[in-house]
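Asker: With these hints in hand, go ahead and build the complete structure from the sequences.
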Amino acid sequence: METFVIQFLHGLVYGMLLFLVSSGLTLVFGMMSVLNIAHASFYMLGAYFSYQMLKMVGNFWAGLIVCPILVGFLGILMERFLLRRVHAGGHVQEFVITFGILFVINESVKWIWGTEPLPVPIPPALSGSVMIVGSIYPAYRLFILFFSLCVLALMAYVLLKTRLGITVRAAVSDRDMVSALGTNTPFVFMLVMGIGTWLAGLAGVIAGPFISTYPGMALEILVDCFVVTVTGGLGSLLGAVVASFLIGQLSSFGILFIPRFAIVFAFLLMAIVLIIKPSGLFGEKA
Amino acid sequence: MAGIGAGVLAILFPYILPKFQLRMVTEIIIMALFAMTWKMLLNEGGLFSFGHALYFGLGAYASVLGWLHIKGLSFMSGIFLGGLVAGLVGLILGAFLVRMSGTYFALLTLAFNQLIWAIVWKWRDVTGGDDGLGKFPKPDLLGISMKNPANFYYVSLIIVGICLFICWYFTRTPLGNVCVSIKSNEERAKFIGFNVNASKLILLTLTGFFSGISGALYAQFQEFIATSTIDLGMSTNVLFMAFIGGIGYFWGPLIGSGIFVYLSEYLSSFTDRWEFIFGLIFIVIVLFAPQGILGIVKRKK
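Which chain is which? The protein sequence lines are S and V, in order.
So the first sequence is numbered by this note's numbering: it starts at 1 and just counts up by one.
So the second sequence is numbered by this note's numbering: it starts at 1001 and just counts up by one.
Keep in mind that the hints were calculated from the coordinates and are not lab data.
Any given hint could turn out to be false.
Said to hold, decoys possible - Think about it this way: if two alpha-carbon atoms lie no more than 27 angstroms apart in a straight line, the pair counts; the simulated DSSO-like pairs of lysine-lysine are:
no., chain 1, residue 1, chain 2, residue 2
1, V, K1183, V, K1298
2, S, K55, S, K110
3, S, K277, V, K1183
4, V, K1190, S, K277
5, V, K1071, V, K1122
6, V, K1071, V, K1135
Answerer: Dropping the structure here:
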């Protein structure tokens, strides 16, 4: 029973982290119909920026605020100067250019910070443990859980209650109409790309002390992220929540029961969902 | 004229090029076939495959397992076995893939690729897992030793040449035209009365088969295979090759694979971070020459 609860919590924590990364991906796709392969690289950048901040300023919390903004700014630059230029060339071209960006970011990270994993200590205030059903559980993981839930609530608020959120949701369902009604869609695209990469950076910062910071972390989460966004339905935020939860649990319990083939399950789930419902669990259009 | 010149040059390569260069040219030719199949999917069928290494890797593994476990399996039968297995898998997975298009198609191919990759990686007893498979026989072909690089080059050239000819011929057939019509407007093609799904399925099987052939050739070329033949990296490489050369041109994949193989070889000889430079070059190409190198050349004329 104890192992069950702990494993469930592990899955939940990883699932929430996945949600933070994939929500940005799915948001961007929903609006621009562009699958940003480089998305996970922005997540990695968040982790590395946070390492650098920690080294220079010595404060994790300052990094939590500043680093995602820097990452989001890079995302905006990417949209403005690369994606927008090839927008007329169609989705294939937009999709393909993000491959190049992925290479450039991943290799720059290796260039600047080396290939060795970098230690990012857990902030002192959260380095303790908490007792849960008789076992010790690291407080930092609970922080990830709590923090991600806050971000989820914030996103729900912005999307459902603010003018920006209404515009974004409208643009997801009919981009041309929103543009015709006088909204500056290129600007909104840029903003959404900024927010999406900001979310990825945020996830990267909090993931740093949890999963070690190393150059392979982008590709590792990228594939899981795809599984989440596709299973949940491209462009669906609710789908991202549900699928993140599913994948988190699947990987957590998969490792417990069938360690050897644990990674197969996520792909199997993705393939099965796509075969049965091509648009994903909560996706509308295929 | 240019074609005849290139043909003569291709025949003379083993005599004029040093051994090291000949190896690279052989690799270019094998990879060109792989890139061609990827390009065919996109260009003829409008299908963007994000998991094309699946067929390449399956071809490589199937042929190697054949040479390892089937006694007396000849060179050509092994290559053919690789193509057959990859084509068969292309047919089976194609049954699910035909209903998809656009990003969803790309992602389902990715899912299948990752699924099979994970199985190949973890099923150590058969595939060798991370250690890969080596020390498999390299049978003679009609009494000619394949261990001689020049002979192997000629055989690869002939096999790839035949496959490329079939690919070219396919674009001329009515079926090839149906595929193009699906690409430009699937709804309309369906409405006119073409069997859209069957055409896509044939295209997927065909490209799977040829990818398998190139994978099997690649296995004999390297004399060793590992999960890198079937992983996401290989699926990305093929995309790079096809795009650099120019997806709108028949010879694009050949040019692309040539540039890719040479560039990766030379860049990696003087910097560890060659992929950085490569990524930059790729971004510049997509930005300024979306039709690839051949697109630039054709525009100049």
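Asker: It remains to establish, for every hint, whether it holds in the given structure.
Answerer: Hints, one by one, checked against the model:
1. K1183(V) / K1298(V): Holds, at roughly 23 angstroms.
2. K55(S) / K110(S): holds, 18 angstroms
3. K277(S) / K1183(V): holds, 23 angstroms
4. K1190(V) / K277(S): holds, 21 angstroms
5. K1071(V) / K1122(V): Within the cut-off at roughly 26 angstroms; holds.
6. K1071(V) / K1135(V): holds, 15 angstroms
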